[in-house]
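In order, the protein sequence lines correspond to chains P and B.
If you count the first sequence from 1, position 48 lands on 48 in my numbering, and the numbers rise without skipping.
If you count the second sequence from 1, position 114 lands on 114 in my numbering, and the numbers rise without skipping.
It is possible that some hints are incorrect.
To be verified - Beyond 12 Å from chain B on every Cβ pair, some chain P residues (computed): (1) Val13; (2) Ala14; (3) Asn17; (4) Lys22; (5) Ser28; (6) Lys69; (7) Ser70; (8) Thr72; (9) Val83; (10) Gln104.
Claimed, not checked - Restricting the straight-line Cα-Cα distance to at most 20 Å, the calculated cross-link-like pairs of lysine to aspartate or glutamate (DMTMM-like) are: (11) Lys58/P - Glu105/B; (12) Lys112/P - Asp38/B; (13) Lys109/P - Asp56/B; (14) Lys58/P - Asp9/P; (15) Lys109/P - Glu8/P; (16) Lys77/P - Glu64/P; (17) Lys49/P - Glu105/B; (18) Lys112/P - Glu110/B; (19) Lys109/P - Asp26/B; (20) Lys22/P - Glu66/P; (21) Lys49/P - Asp85/P; (22) Lys109/P - Asp38/B; (23) Lys109/P - Glu59/B.
Treat the hints as calculated values from the structure; they're not laboratory data.
C-beta: ideal position from N, C-alpha, C; glycine also.
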Amino acid sequence: AQSVAQPEDQVNVAEGNPLTVKCTYSVSGNPYLFWYVQYPNRGLQFLLKYITGDNLVKGSYGFEAEFNKSQTSFHLKKPSALVSDSALYFCAVRQPYSGAGSYQLTFGKGTKLSVIP
Amino acid sequence: NAGVTQTPKFQVLKTGQSMTLQCAQDMNHEYMSWYRQDPGMGLRLIHYSVGAGITDQGEVPNGYNVSRSTTEDFPLRLLSAAPSQTSVYFCASSPGTSGVTNTGELFFGEGSRLTVL
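The following block holds chain P by itself, in its conformation from the complex (with noise of 0.2 Å):
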């Protein structure tokens, strides 16, 4: 079974500070990896995404991630925080495809950040 852990519920930072919201993720064979965000009263949107390739992903709105596969982990960045990045983060995983079953999408809780002015 996959699964996926957001150990921190909430993260604070200050406007102008760099931030990070952490992920560590379990799955059979070698992950794909995603972070969304979701704004008040809104669906998630799609940040960025890790299949293959390059440990250091980028993404929308100045984002990226590092992925580590040592440490199953899968943090998402950013050197500068804005007070408009406010909002709750999702990782989610899933396993490489194997055929029907193999689509799910499984997400962290998330983790509501909170960029202080």
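Mind docking chain B on chain P? Use the hints.
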């Protein structure tokens, strides 16, 4: 381009009533899915479909039915609502269904907030 459209946005039911949450996408996506979001539990997959006429169960399918008669539509039916089904429901779609074309990037609707009394 409307993307993924969910209706209704809000609904209040009494225990035992039935209803259907509608989901439509105009992106010709093969893969469609329903998730429920509950506080502190992230998103959990209810049912998914890899094409017209094909559906399968996700993590929490009990109490819900789905059908996929067209590529565009994927309604979720609650046959006899229970208070435990109070949640926010999200429909999501993705292009392709093979491992090459479906890497997991989901497009979400805005959500349907359901309260069962």
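Once the closest CB in chain B is found, is it more than 12 Å from Gln104/P? Not fine: 6 Å to the nearest Cβ puts Gln104/P too close to chain B.
For Lys112/P and Asp38/B, compute the direct alpha-carbon distance and say whether it is at most 20 Å. Holds: Lys112/P and Asp38/B sit about 14 Å apart, inside 20 Å.
Minimum Cβ-Cβ distance from Val13/P to chain B exceeds 12 Å: holds, 22 Å
Restraint check for Lys109/P with Glu59/B, where alpha carbons must lie at most 20 Å apart: It holds: about 15 Å lies between the C-alpha atoms, which stays within 20 Å.
Given the proposed pairing of Lys109/P with Asp26/B, does the C-alpha separation stay at or below 20 Å? violated, 29 Å
Is the claim that Val83/P lies outside the interface with chain B correct, judged by CB distances over 12 Å? Non-interface label stands for Val83/P: nearest chain B Cβ at 23 Å, farther than 12 Å.
Minimum C-beta separation from Lys22/P to chain B exceeding 12 Å: can you confirm that? Correct as stated: the minimum Cβ-Cβ distance to chain B is 15 Å, above 12 Å.
Holds or violated: are the alpha carbons of Lys49/P and Glu105/B at most 20 Å from each other? The hint holds at about 8 Å.
Hint consistency between Lys112/P and Glu110/B [alpha-carbon to alpha-carbon, up to 20 Å]: Holds: Lys112/P and Glu110/B sit about 19 Å apart, inside 20 Å.
So is Ser70/P really clear of chain B, every C-beta pair being over 12 Å apart? holds, 23 Å
Given as non-interface: Ser28/P, partner chain B, CB spacing beyond 12 Å: The claim stands: Ser28/P keeps its Cβ more than 12 Å from every Cβ of chain B (closest is about 14 Å).
Does the no-contact call for Ala14/P survive, Cβ to all of chain B over 12 Å? holds, 26 Å
Against the hints set out earlier in the document, violations occur for numbers 10, 13, 14, 19.
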